[in-house]
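S.K.: For reference, the chains in residue letters:
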Amino acid sequence: MKTVLNEQQLAITIKRLAHQVLENHGKLETTVFIGLQPRGIFVSDQVVDEIRRLVPSTKLNYGKLDITFYRDDVRKEIHIANRTDIPFTIENKNVVLIDDVLYTGRTIRAALDALLDFGRPAKVELCVLIDRRFSRQLPIQADYVGKSIDSIISQKVKVFWKARDGRQEVVLLEES
Amino acid sequence: MQLSTKHLLGIRDLTREDIQTILTTASQFKEVLQRPVKKVPSLRDITIVNLFFENSTRTRISFELAEKRLSADTISFTAGTSSVKKGETLLDTVNNILSMKVDMVVMRHSSSGAPHFLARHIPAAIINAGDGINEHPTQGLLDAFSMQERFGSLKGLKVAIIGDIMHSRVAMSNIYLLKKMGAEVTVAGPPTLIPVHMKEAFDVRVEYNLRKALEWCDVANVLRIQLERQNQVLFSSLREYSLAYGINRRLLESLNREIVIMHPGPINRGVELDSDVADSGQSIILQQVENGVAVRMAALYLLSPQAS
Chain A
1 MKTVLNEQQL
11 AITIKRLAHQ
21 VLENHGKLET
31 TVFIGLQPRG
41 IFVSDQVVDE
51 IRRLVPSTKL
61 NYGKLDITFY
71 RDDVRKEIHI
81 ANRTDIPFTI
91 ENKNVVLIDD
101 VLYTGRTIRA
111 ALDALLDFGR
121 PAKVELCVLI
131 DRRFSRQLPI
141 QADYVGKSID
151 SIISQKVKVF
161 WKARDGRQEV
171 VLLEES
Chain B
1001 MQLSTKHLLG
1011 IRDLTREDIQ
1021 TILTTASQFK
1031 EVLQRPVKKV
1041 PSLRDITIVN
1051 LFFENSTRTR
1061 ISFELAEKRL
1071 SADTISFTAG
1081 TSSVKKGETL
1091 LDTVNNILSM
1101 KVDMVVMRHS
1111 SSGAPHFLAR
1121 HIPAAIINAG
1131 DGINEHPTQG
1141 LLDAFSMQER
1151 FGSLKGLKVA
1161 IIGDIMHSRV
1171 AMSNIYLLKK
1181 MGAEVTVAGP
1191 PTLIPVHMKE
1201 AFDVRVEYNL
1211 RKALEWCDVA
1221 NVLRIQLERQ
1231 NQVLFSSLRE
1241 YSLAYGINRR
1251 LLESLNREIV
1261 IMHPGPINRG
1271 VELDSDVADS
1281 GQSIILQQVE
1291 NGVAVRMAAL
1301 YLLSPQAS
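Just so you know, the protein sequences line up as chains A and B, in that order. Each step along the first sequence adds one to the number in our numbering, with nothing skipped, and position 149 is 149. Take the position in the second sequence, starting the count at 1, then add 1000; the result is the number in our numbering.
Hints in this document: simulated from the structure, not taken from any laboratory. We put the beta carbon where it would ideally sit given N, CA and C, even for glycine. Mixed in with the good hints, there may be bad ones.
If the Cβ cut is set under 7 angstroms, some of the chain B residues that face chain A in the computed set are [to be verified]:
id : residue
1  : V1037
2  : V1040
3  : A1307
No farther apart than 25 angstroms at their CA atoms in a straight line, the calculated lysine to any residue pairs in the SDA-like style are these [to be verified]:
id : chain 1 : residue 1 : chain 2 : residue 2
4  : B       : K1038     : A       : R75
5  : B       : K1155     : A       : R83
6  : A       : K162      : A       : I12
7  : B       : K1006     : A       : A122
8  : A       : K76       : B       : A1307
9  : B       : K1039     : A       : K147
10 : B       : K1038     : A       : E23
11 : B       : K1158     : B       : D1279
12 : B       : K1101     : B       : R1044
13 : B       : K1039     : A       : G63
14 : B       : K1158     : B       : S1304
15 : A       : K76       : B       : K1006
16 : B       : K1101     : A       : E77
17 : B       : K1212     : B       : P1191
18 : B       : K1039     : A       : N82
19 : A       : K76       : B       : I1122
20 : B       : K1039     : A       : A122
21 : A       : K76       : B       : P1191
22 : B       : K1158     : B       : G1182
23 : A       : K147      : A       : K162
24 : B       : K1101     : A       : R75
25 : B       : K1155     : A       : I80
26 : B       : K1038     : B       : E1054
27 : B       : K1038     : A       : N61
28 : B       : K1038     : A       : G119
29 : A       : K76       : B       : D1073
30 : B       : K1039     : A       : R83
31 : A       : K59       : B       : P1036
Let the sequences and hints guide you as you build the complete structure.
M.R.: Pasting the structure below:
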C-alpha cells in the first residue's frame, strides 16, 4: 500500500480544485455543480463547501447524478442505483461534473449520456480528485485534476473520507 | 444477480431484502420519470413479450410504458385475437414466441399457477402480471411502495384489506408483502368472501364489521367487487353489499381517525367506493397508478437477463 495523498495534502488539493474552478467560472451565475454517485459525492461535497467559503454570498446550484441505468456493462452485472437529485435546470448552463477517480472513462461516458437527459448544457467540464493516466478506454479527459498517478490495472486507488471511514487519505493498493 | 429469484412469480417467493431492493430501485426510477427525457437505456438490448390471456387496462399499459421507459423492445399479445382461439396450448404459444429471440415474458392468465408452469419449461425470465386468484406481485409491490411513500415505513403500519378476499390475487400479494415487511393486516368483508382459516394461515386479523376495520387502520386497501363472479351468490345484491361494505364520505367523516384510501382499480363507483371518497384528498388511487410504472421498471431492470 502506497499513500498517494495524505490528509493534509488531500485538504490542500481540494482547496486548489475549488480555486481553479472559481478562476474559470467567475461569478458562477451560469455554473452548476454535479457530483457523481456514489463516491464522487465525497469530493463534490468538499469542493462545493470550499467554493461556498470563498464566495459566501453566491447561491450555488449543486446536484447529484447516479449513472447506474446508463452503464454499458448492465448485461454483466445488475447494479443497485443511488439517488439522483438535480433540482434545477442544466439548460444552457456550464456544468462541472465532479468524481473521485478517473480511470477507464466509462463512468464519465455514462454520466454525459445521463446528463443530456436533463437538458442541453452550454458546456460540460470534468473535475476529478485522482486521474489514473494511461488507462483510458474512451477518449475522455479531465479539466481539473487533483493528482495524476501512474498505475497498472492490478492496482486499485482507494479514497478514504473522514465522514465515512474515520480517516482521510488516498492510497494505491496492490490487488492480489 | 441482485434478487434471490430469477422470476417474479409471487411475493411469496421473495425475501425481505428482495422487496427492499425492488422498492428502493423503484424510487430511483420514479425520479427518472420526472426528467425531461423520461427514459434510460438499460434494457435497449432486451425484447419483452406481454402475454395477456385475460383482460387488463392499467397493468398492461403500465408494463408497456415501463418497458419503453427502459428502452426495451416490446410485443404485446392478447389472447382474444391470437391462435389460442384455434386451440394452441400455452406452452406452444410461448415457445413459438421465444424462438423469435424474446428475453423476458410478462404474463397475465386466468389460471392460478400458469406462470409457475411456464417457469419450469422455458428459459426466459417471467414476471407474473396476475394469475387467477393466486398473486399479482407487481400490484402488491406498487401498493407497498405507495404506502411507504405516504407513511415513510411499512413497519407497524396498520392496513385493512376490504372486500372480496376470497377471489383476490391483489389481497394475497398484499398480505404476503405486508407481513414480510412488518405491517399489521386486517382483512374485512362479508364472511362469504373471506376464506376460513385466514387468521391461522396468514397471521392476519379478520373483521366482518367495516366500521371497526376502518377505525383500526391507517390505510384501507379497498378491493373491487368482481362483477363477473356475481352468479355465485356470495352476497344477495350489489346494493346490499354497498350498504354494508361500501365506503362513502359520511362514513369516513364519522370515523375517529383520518385514513388513507387505496384501490387497485378498476373501481365500481357506488359499490365498494363512492365517488366522493375515490376522488377525495384522502385517496391515493392515482398515485398508485403513477407508482406502478416505476415499480414495474424496477422489477424488469432487476430481473433482466445477464450474460452467463
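S.K.: Each of the hints needs a verdict: does it hold here or not?
M.R.: Consistency of the hints with the structure:
1. V1037: Hint on B/V1037: holds, closest Cβ of chain A at ~4 angstroms, below 7 angstroms.
2. V1040: 4 angstroms, holds
3. A1307: 5 angstroms, holds
4. B/K1038 - A/R75: Holds, at roughly 21 angstroms.
5. B/K1155 - A/R83: 23 angstroms, holds
6. A/K162 - A/I12: 15 angstroms, holds
7. B/K1006 - A/A122: 44 angstroms, violated
8. A/K76 - B/A1307: This hinted pair holds, its Cα atoms lying about 6 angstroms apart.
9. B/K1039 - A/K147: At roughly 36 angstroms apart (the allowed maximum being 25 angstroms), A/K147 and B/K1039 break the hint.
10. B/K1038 - A/E23: Not OK: B/K1038 and A/E23 at ~35 angstroms, beyond 25 angstroms, violated.
11. B/K1158 - B/D1279: Between B/K1158 and B/D1279 the Cα gap is close to 22 angstroms, so the pair holds against 25 angstroms.
12. B/K1101 - B/R1044: Holds, at about 14 angstroms.
13. B/K1039 - A/G63: 19 angstroms, holds
14. B/K1158 - B/S1304: 34 angstroms, violated
15. A/K76 - B/K1006: 15 angstroms, holds
16. B/K1101 - A/E77: Distance of about 21 angstroms is within 25 angstroms: holds.
17. B/K1212 - B/P1191: Holds - the C-alpha atoms of B/P1191 and B/K1212 are around 15 angstroms apart, at most 25 angstroms.
18. B/K1039 - A/N82: The given pair, whose Cα atoms are some 17 angstroms apart, holds under the 25 angstroms limit.
19. A/K76 - B/I1122: OK: A/K76 and B/I1122 at ~22 angstroms, within 25 angstroms.
20. B/K1039 - A/A122: OK: B/K1039 and A/A122 at ~22 angstroms, within 25 angstroms.
21. A/K76 - B/P1191: Answer violated: A/K76 to B/P1191 is near 51 angstroms, above 25 angstroms.
22. B/K1158 - B/G1182: Within the cut-off at roughly 10 angstroms; holds.
23. A/K147 - A/K162: It holds: about 19 angstroms lies between the C-alpha atoms, which stays within 25 angstroms.
24. B/K1101 - A/R75: Holds: B/K1101 and A/R75 sit about 16 angstroms apart, inside 25 angstroms.
25. B/K1155 - A/I80: With a Cα-Cα distance of about 23 angstroms, the restraint between B/K1155 and A/I80 holds, given a limit of 25 angstroms.
26. B/K1038 - B/E1054: Between B/K1038 and B/E1054 the Cα gap is close to 29 angstroms, so the pair fails against 25 angstroms, i.e. violated.
27. B/K1038 - A/N61: 22 angstroms, holds
28. B/K1038 - A/G119: With a Cα-Cα distance of about 12 angstroms, the restraint between B/K1038 and A/G119 holds, given a limit of 25 angstroms.
29. A/K76 - B/D1073: 20 angstroms, holds
30. B/K1039 - A/R83: 16 angstroms, holds
31. A/K59 - B/P1036: Between A/K59 and B/P1036 the Cα gap is close to 24 angstroms, so the pair holds against 25 angstroms.
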